[in-house]
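Novice: Residue-level listing of the chains:
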Amino acid sequence: MNPSPEAAANRPRRRGLLRLRQEIPRPVFIAAGWAVPLVLLLLWWAVTASGLVQKLFLPSPGAILAEGWRQLSEGILLHDAAISTYRILLGWSAATLIAVPVGILMGTYRLAEGALEPFISTVRYMPVVALIPLTILWAGIGDAQKILILFIATFFSQALMVMDNVKGVDGALIRTGQTLGFTEGEILRRIVLPAAAPGIWDTLRITVGWTWTYLVVAELVAANEGLGRRIMDAQRYLATDTILWGTLFIGILGLVTDLAFKRMGQRLFRWKGGPK
Amino acid sequence: MSPTSPPRVAISGVKKVFTVNGAPFTAIEKIDLDIQPNEFVAVVGTSGCGKSTLLNMVGGLEEPSLGQITIDGRPVTGPGRDRGFVFQSYSLFEWMTVAGNIRFALEKSKLSPAEKTEAVAELIQAVGLRGFENAWPHQLSGGMKQRVAIARALVYRPSILLMDEPFGALDAQTRGLMQELLLKIWEDHKVTVIFITHDVDEAIFLADRVVVLASRPGLVKSVHAVDLPRPRSPDLLTDPAFMAIKRKVLADIREESLKVMAQDLSSPKLAKD
Ligand SMILES: Nc1ncnc2c1ncn2[C@@H]1O[C@H](COP(=O)(O)OP(=O)(O)OP(=O)(O)O)[C@@H](O)[C@H]1O
Ligand SMILES: [Mg+2]
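These protein sequence lines map, in sequence, to chains A and B. Residue numbers are given in our numbering: position 188 of the first sequence equals residue 188, and the series is strictly consecutive. Residue numbers are given in our numbering: position 243 of the second sequence equals residue 243, and the series is strictly consecutive.
Derived by calculation from the structure, the hints in this document are not laboratory data. The beta-carbon is built from N, C-alpha and C at its ideal position, and this holds for glycine as well. It is possible that part of the hints are untrue.
[As the list claims (entries may be wrong)] Over the 12 Å line for every Cβ pair with chain B, so calculated as not near, a few chain A residues:
#, residue
1, 54
2, 109
3, 206
[Unchecked claim] Each computed DSBU-like pair below joins lysine-lysine, with the alpha-carbon atoms no more than 35 Å apart:
#, chain 1, residue 1, chain 2, residue 2
4, B, 184, A, 272
5, A, 167, B, 108
6, A, 167, B, 110
7, B, 110, A, 272
8, A, 167, B, 30
9, B, 221, B, 108
10, B, 15, A, 167
11, B, 108, A, 272
12, A, 167, B, 116
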């Protein structure tokens with residue numbers, strides 16, 4: 001027998017952790033975030049400790065930590081990190097320095113958008129690795145070449161994202177500026193830019209993460225030091241613990257950068273109110 | 001109103017043609033409308049009949065394709081500080097406080113800093129936001145945000161206030177209170193108001209005249225004088241005289257809506273403007 005429709009309509013509201021868009025208790029939310037890496041770590045450890053896979057294919061968590069400790073105590077780690085951070089910083093800053101104004105122009109003036117958007121949209125799908133030979137021709141085999149790779153990897157997407165940030169500014173704000181008697185330049189500087197600023201900041205945060213992911217590509221050629229270089233060298237000796245440690249460490253540095261940007265964003269844009 | 005002085009706003013033979021996908025689209029066919037100083041005019045009409053377009057042209061944000069709009073006899077050539085604008089989306093500057101938003105509107109004025117501070121305080125008082133001077137917009141309710149927008153549009157003392165469905169996003173209670181507040185401000189500040197709305201009750205409750213626009217293309221269909229005593233209270237909404245006007249306005253709007261619907265049914269392509 002089917003349940004009567006009234007009974008169905010009056011079914012008590014289900015409480016649970018899997019309801020569409022439903023808030024769940026904060027401790028559960030946080031615990032879930034820790035649970036996944038912990039379970040993976042446990043699995044990893046179990047698989048390696050049981051001898052199911054060879055050490056060459058998957059070194060144990062302990063071996064990776066030991067590798068990290070070795071690099072740290074021999075002074076390699078901080079040296080590599082410093083070199084790589086320096087390259088990231090320069091490559092990303094150079095990209096940002098150009099991409100932000102270019103993106104603002106494209107988001108503001110249709111002419112700039114028409115002129116640059118098709119070009120940039122196309123170029124951004126270029127595989128960066130394929131450009132390594134060219135960058136060597138242009139910039140040699142020193143730091144400049146690495147920074148150039150990071151620049152290329154960051155710039156194009158960044159410019160397009162900044163354009164979108166600026167285009168996303170509510171048109172009513174611009175019209176309000178016009179009715180208050182501000183000139184075009186004033187509206188751009190005093191209304192459009194502040195309104196777009198939080199979005200642009202978010203773009204910077206996301207793109208610096210992308211720059212980090214291109215580190216290995218940047219240090220592929222003619223580098224003696226750097227986190228990416230260390231990983232590529234390890235490949236030759238099949239030192240999987242070095243590879244995994246290096247990858248993990250780059251991930252951690254990326255995460256730290258991300259958090260730093262988030263924190264600073266919250267301070268810079270206090271007027272938006274904190275995260276809800 | 002002496003017949004010799006020009007109307008505050010004179011809209012004569014105004015036509016507006018947009019280009020949509022390369023083809024001309026007539027949003028407004030021909031509108032003639034004179035608005036007297038300190039008059040409160042409400043404009044109603046079906047969606048898409050050109051209300052916002054008309055208001056934007058009075059505001060100088062759009063240019064008529066034909067015809068002319070004058071303010072105190074001078075042709076409108078662009079936005080100006082003789083007109084204040086309030087949009088439906090609150091359009092506050094989120095990175096400025098309540099007082100900062102209002103003061104920003106005074107940036108182009110010649111007042112001394114002390115006078116500006118005084119003008120801002122006065123408007124904050126008028127819209128009932130005392131104590132919220134230093135709040136950020138995100139901390140305010142919709143009604144409060146719209147009060148900031150009204151204060152910002154009035155602080156530089158424009159003679160005309162242009163409002164495009166300003167209370168459209170508010171709940172019924174807040175809307176009622178905002179209407180009373182607006183009438184009070186209008187009486188205190190002696191401004192001419194052009195007020196666009198979808199809400200016929202709101203139009204009649206507020207206005208001296210209700211203009212009904214015909215749609216596709218836009219024309220003035222009818223103008224209804226609202227000879228109801230002021231100051232007005234919400235009791236008016238059930239007054240027989242109020243109801244009589246409402247019946248006429250609604251009949252006109254209904255006629256237009258039916259016309260639009262018939263058009264849409266006969267040419268489904270046009271339905272998606
Ligand atoms: N910039 C524009 N370009 C092309 N067409 C436009 C433009 N602005 C408005 N229109 C068209 O002109 C017509 C009138 O638009 P308008 O916004 O003035 O209507 P409205 O009466 O304010 O409608 P609503 O009640 O929905 O706000 C609509 O069909 C709209 O699609
Ligand atoms: Mg409109």
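Novice: Hints first: check each against the structure and report whether it holds.
Specialist: Hint-by-hint comparison with the structure:
no., hint, verdict
1, 54, "57 Å, holds"
2, 109, "19 Å, holds"
3, 206, "21 Å, holds"
4, 184/B to 272/A, "32 Å, holds"
5, 167/A to 108/B, "26 Å, holds"
6, 167/A to 110/B, "33 Å, holds"
7, 110/B to 272/A, "31 Å, holds"
8, 167/A to 30/B, "33 Å, holds"
9, 221/B to 108/B, "39 Å, violated"
10, 15/B to 167/A, "30 Å, holds"
11, 108/B to 272/A, "27 Å, holds"
12, 167/A to 116/B, "33 Å, holds"
The earlier numbered hint that this structure contradicts is number 9, and it is the only one.
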